[in-house]
Amino acid sequence: MNDDDFIRRISQNARDAAPGLLSADQGENMIAHAIAAAQQQAQRRRHRRLAALAAVVLLGGMGLGWGASQHDPEPLHAQLPTGDQLTATPGADFRVASASVQLRHVEVRHGVVLFDVSPLEGEERFEVTTADTVVRVRGTVFSVERENGRTSVRVYEGRVELEHEGHRQMVVAGWMWLGGNLVTLGEGRLEQAGIAAALTRTQRASAAVSDPAVGTHAGGLEFQPAEPIAAQQPSEGGETEVSEATEATVLAVVPDDTPRAVPTAAPRAAAHVTHSQVRQWIASRDYGRALVAARVHHWTLLEADALRGLRRFEEAANTYLRVSNEPRAAYAAARIRFFELGDAASALTALDTVRPGSPLDERVLGLRTRLLFRQGRQHEAQQHAADYLRRYPEGGLADWMSELAAQR
Amino acid sequence: MNGDLVVNLVALRNGDRQELEFVLRELLPRVRRWLLRLLGPRSDLDDATQDALIALAGALPRFKGESKLTTFAHRIVLRTSYRYFRRRKREEKLTLVPAPPDTVDPEARVMGREALRQLYRCLERLPKKRRVAFVLCCIEGLSPAEAAELEGVSGVAMRSRLSHARAEVLRRVGHDFDLGRVGQS
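Line by line, the protein sequences give chains A and B.
Following this note's numbering, the numbering of the first sequence begins with 1 at its first residue and continues without gaps.
Following this note's numbering, the numbering of the second sequence begins with 409 at its first residue and continues without gaps.
Source of the hints: derived by calculation from the structure; they are not laboratory data.
Ideal placement from N, C-alpha and C gives every residue a C-beta, glycine not left out.
Accuracy of the hints is not assured; some may be wrong.
Label pairs and their in silico Cβ distance ranges [what the hints assert, rightly or not]: (1) B:Gly563 / A:Glu121: 23 to 31 Å; (2) B:Val414 / A:Gln378: 51 to 59 Å; (3) A:Gln375 / B:Arg438: 40 to 48 Å; (4) A:Glu121 / B:Gly473: 18 to 26 Å.
Part of the chain B face toward chain A, derived, beta carbon under 7 Å [said to hold, decoys possible]: (5) Leu436; (6) Arg440; (7) Leu444; (8) Leu461; (9) Ile462; (10) Ala465; (11) Ala553; (12) Leu578.
Generate coordinates for the entire structure from the input sequences, incorporating the hints supplied.
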């Protein structure tokens, strides 16, 4: 089976899955609620437009501009009617050209202004312009600085698109655009405020996330920590796999679209490979190379996987059984012994090494029941079927187990 | 006429409630299916469905009929799903489409559920846009051009995302032989 077949198969499996059914009443309630909620949102938007119009009139009446006094020791804070926050350094010169819901437009003539922009809806726009640059945002924390005829943009959270001399550039959190160059975020004025706002925004967004494996650090960069291999190889060492940068950071540099070349290193280079490389070879069906490397490094589980890929089933099953404290290995051995080698008895023996309480419990019980049934051990099979139904009443094998348990 | 679902555009634009209810009722099964494929088995699928319906109820009166209604709706559901990608919730029990019992290996059924969980665990680790590219092109079966139109990006960008997504899925679960057997009778 090649890669395309594999993808096709797992995709078809996903396509076949159906969501739980909604009753007619549930559906109607959802629809009624949706219409009511949409009407309320439309009303709120109308009120905000009126408030924004009033603010524009007010700001216009204040003289079209806003120049913070050089004598003010503290940064200047302001909030637009739309809820967006602005913080300006002492001496900054900026103008709110438009504060409508559809278009918020601020011109920065001099100094640094930090923006904390609420997420935009639909076709709303938020733009910041300097003499030579346009910055377009979708809901983010960033600062724009105009100093000595040069514009710099620092992004603390989210991303912005800017346009300069006819060229467009995306700048994401943790990066800055400095006079035409994209560099990692350097120190700048209002940095503390920017980081604080980004953290607040991120914490709010992450409030429902319970997975401790995903996190952020100051500056709003998102990362995924290394995937531990201990779950697969508890007794073996190996290099911890480091995830790729998220697409958000990749966007800050030119993304590499070239497909990865298949490694062509000779087998003697196996001594220098990593655990993740061997997994990659197995994934790309380079089983021979994977087998050599796995044996050199005594990575027994990978060795078994490679043998299985080479269809050396007897060796694969025996190798899986050498991996201790790994339910997946024992289960794989059982499946190979039964499905590939037709040996139900030794498959049962392999299953006996799987300790209860593993994530594979349901599958192990299901397979054990089938093996007992195949061996003609009807009574035992029925007992296991009853056990399955008690523990997994809605399990994938529940209907088959029910039929088996009902047989006399 | 919009080509797929026959609706009265004039009535929709005039805020006709009955027409709006009719359209939402027709779209509801598709909305749930799209969300299941985008988000995977999750206990908050109903919440996501409700949010998507609210967004649709607000947007449908502005539908001009320039694209298919289902494409318009799919785009809105896609935007809704992005808000849910960061939220990890307890997995919901799934119902696989039932197959005739004499042609489906019972073991394969439980493997199918496990395969689905594994796939979505993998997809949750992908950057959102690559995840969406995989769902739209591999699971929904859209062409990269169709998926690009839904996402509002170029075909080149979509093909790049899809290529990276496929490579990542293969890297993470491609070596799982049991997954590879899923779907075999």
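Consistency of the hints with the structure:
1. Evaluation of the 23 to 31 Å hint for B:Gly563 and A:Glu121 yields a pass: the beta carbon distance comes to about 27 Å.
2. For the pair B:Val414 and A:Gln378, the supplied restraint of 51 to 59 Å holds, since their beta-carbon distance comes to about 57 Å.
3. The given range of 40 to 48 Å is respected by A:Gln375 and B:Arg438, whose C-beta atoms sit roughly 47 Å from each other.
4. In this structure the supplied range 18 to 26 Å holds for A:Glu121 paired with B:Gly473, their Cβ-Cβ distance being about 22 Å.
5. This hint holds: B:Leu436 has a C-beta 6 Å from the nearest C-beta of chain A, less than the 7 Å allowed.
6. Because the beta carbon of B:Arg440 sits about 5 Å from the nearest beta carbon in chain A, less than 7 Å, this interface hint is met.
7. About 4 Å separates the beta-carbon of B:Leu444 from the nearest beta-carbon of chain A, less than 7 Å, and the hint is met.
8. A distance limit of 7 Å between C-beta atoms decides the matter here; for B:Leu461 the minimum to chain A is near 4 Å, and the interface restraint holds.
9. With 7 Å as the threshold, the beta carbon of B:Ile462 comes within range of chain A, its nearest partner Cβ sitting at about 5 Å, so the hint holds.
10. Proximity of B:Ala465 to chain A holds as hinted, the smallest CB-CB distance being about 4 Å (cut-off 7 Å).
11. Taken as an interface hint, B:Ala553 does not check out: its beta carbon lies about 17 Å from the nearest beta carbon of chain A, beyond 7 Å.
12. The beta carbon of B:Leu578 is positioned within 7 Å of a beta carbon in chain A (closest approach about 5 Å), and the interface hint is therefore held.
Going through the hint list in order, the structure does not satisfy hint 11, though it satisfies all others.
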